[in-house]
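Engineer: Here's the letter readout for the chains.
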Amino acid sequence: MPQYSQFQPKPYRPRMSAFWYFDRWPYLLFVLREISSFFVAYFAVLVLVQIYALSADPTVYAAFQACMRNPLMIILNAVTLLFMLLHAATWFNLVPRVMAREMTGRQLSDLMVAAPNYFVFFGASVIIALFILRIL
Amino acid sequence: MPAHRSNRPLGWLAFGTGGFLVAFLLPVQVFLYGIAVPLGLVPDPGYKSTLELLRQPLTRIYLFVVLAFAFFHAAYRIKDTLADMLDMRKIDIVLAYICYGGAVVGTVAALWLLYWVP
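Residue numbers (numbering that gives the first Met the number 0), protein chains in the order written: chain B, 0 to 135; chain Y, 0 to 117.
Be a bit skeptical, because a hint or two may be false.
List time: in silico SDA-like cross-link candidates among lysine to any residue, alpha-carbon distance up to 25 angstroms [stated by the list, open to error]:
{"no.": "1", "chain 1": "Y", "residue 1": "K47", "chain 2": "B", "residue 2": "I134"}
{"no.": "2", "chain 1": "Y", "residue 1": "K89", "chain 2": "B", "residue 2": "V30"}
{"no.": "3", "chain 1": "Y", "residue 1": "K47", "chain 2": "Y", "residue 2": "R59"}
{"no.": "4", "chain 1": "Y", "residue 1": "K47", "chain 2": "B", "residue 2": "L45"}
{"no.": "5", "chain 1": "Y", "residue 1": "K47", "chain 2": "B", "residue 2": "T58"}
{"no.": "6", "chain 1": "Y", "residue 1": "K47", "chain 2": "B", "residue 2": "V59"}
{"no.": "7", "chain 1": "Y", "residue 1": "K47", "chain 2": "B", "residue 2": "Y60"}
Only part of the chain B face toward chain Y is listed, based on derived beta-carbon distances under 7 angstroms [stated by the list, open to error]:
{"no.": "8", "residue": "V39"}
{"no.": "9", "residue": "A40"}
{"no.": "10", "residue": "P57"}
{"no.": "11", "residue": "M67"}
{"no.": "12", "residue": "I73"}
{"no.": "13", "residue": "H86"}
{"no.": "14", "residue": "F120"}
{"no.": "15", "residue": "S124"}
{"no.": "16", "residue": "I127"}
None of these hints come from the bench; they were simulated from the model.
Idealized CB from N, CA, C, for every residue including glycine.
Could you put together the complete structure from these sequences and hints?
Structural biologist: Take a look at the structure:
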């Protein structure tokens, strides 16, 4: 290990603002998409609480439902829904970037390649909704 | 000399699968249980009927798979988000243990709760 006394080069350490993601819209969109993960974790825990309340007894489930009717919870869940839809849209729109785009010799548009995802999304959502609402 | 094996693909596989499951399946659940039923936009199926749905083995398998992958998906992204946003790259490995530890706890809790449904 060589010893440098006076000509020790200063290491290059670029400083980045802690708020770099406010600089440009794509950066902000990226960070918002990443933040969606906190809401995914929150909702997964909420489902665990719901399963627990359902398994306990009707009074516990009634308390759970009363808590869900709290306006603050409804706002939190609305924000959660928005973040999850942002996650879904950004996820679906990735497909055109990682898949072959050629079909019948023509280049397909991004929207056309991502479109099947949206159809599956709506189909799956309707089927799950029918189960949740106990129609199926 | 054995080739270096990275454990990175394993985390990414869980992240990717979870990303798809969350994107396709969870928004409708957030909308119905989190907004529509509490606001009375749709009729509430009620305690008995919902418990009946939860009792179905298929529902429990579905919930376990979705929840487990959602936890690992979230853990992967939360780890990277904290590292990027709060400048915590230096303690990357600590963050990984905390986040994946949380995902393991969530998955075990899901398994436990779904197993003990009356």
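Engineer: For a C-alpha distance cap of 25 angstroms, please report whether K47/Y and L45/B respect it.
Structural biologist: holds, 19 angstroms
Engineer: How about M67/B: closest beta carbon in chain Y under 7 angstroms, or not?
Structural biologist: holds, 4 angstroms
Engineer: Can the restraint linking K47/Y and T58/B be considered satisfied, given a maximum Cα separation of 25 angstroms?
Structural biologist: holds, 12 angstroms
Engineer: Checking one constraint from the list: CA of K47/Y to CA of I134/B, max 25 angstroms. Satisfied?
Structural biologist: Holds, at roughly 14 angstroms.
Engineer: So, as I understand it, the hint says I127/B touches chain Y; can you test that by seeing if any CB pair is closer than 7 angstroms?
Structural biologist: holds, 5 angstroms
Engineer: For the hint on F120/B, does the least C-beta distance to chain Y fall short of 7 angstroms?
Structural biologist: holds, 6 angstroms
Engineer: Close enough to count: is the Cβ of H86/B nearer than 7 angstroms to one in chain Y?
Structural biologist: This interface hint holds because 6 angstroms falls under the 7 angstroms limit.
Engineer: Report holds or violated for the interface hint on V39/B, using the least CB-CB distance to chain Y and a cut-off of 7 angstroms.
Structural biologist: Hint holds; V39/B Cβ to chain Y Cβ min 4 angstroms, cut 7 angstroms.
Engineer: Could you check if S124/B really has its C-beta closer than 7 angstroms to a C-beta on chain Y?
Structural biologist: Constraint on S124/B satisfied, holds at 4 angstroms.
Engineer: With a cut-off of 25 angstroms on the C-alpha distance, tell me whether K47/Y and V59/B pass.
Structural biologist: holds, 13 angstroms
Engineer: A closest beta-carbon separation below 7 angstroms is what the hint needs, so does A40/B meet it against chain Y?
Structural biologist: holds, 4 angstroms
Engineer: Can you confirm whether the C-alpha distance between K47/Y and Y60/B stays at or below 25 angstroms?
Structural biologist: holds, 10 angstroms
Going down the numbered hints, you'll see the structure goes against none, and every one checks out.
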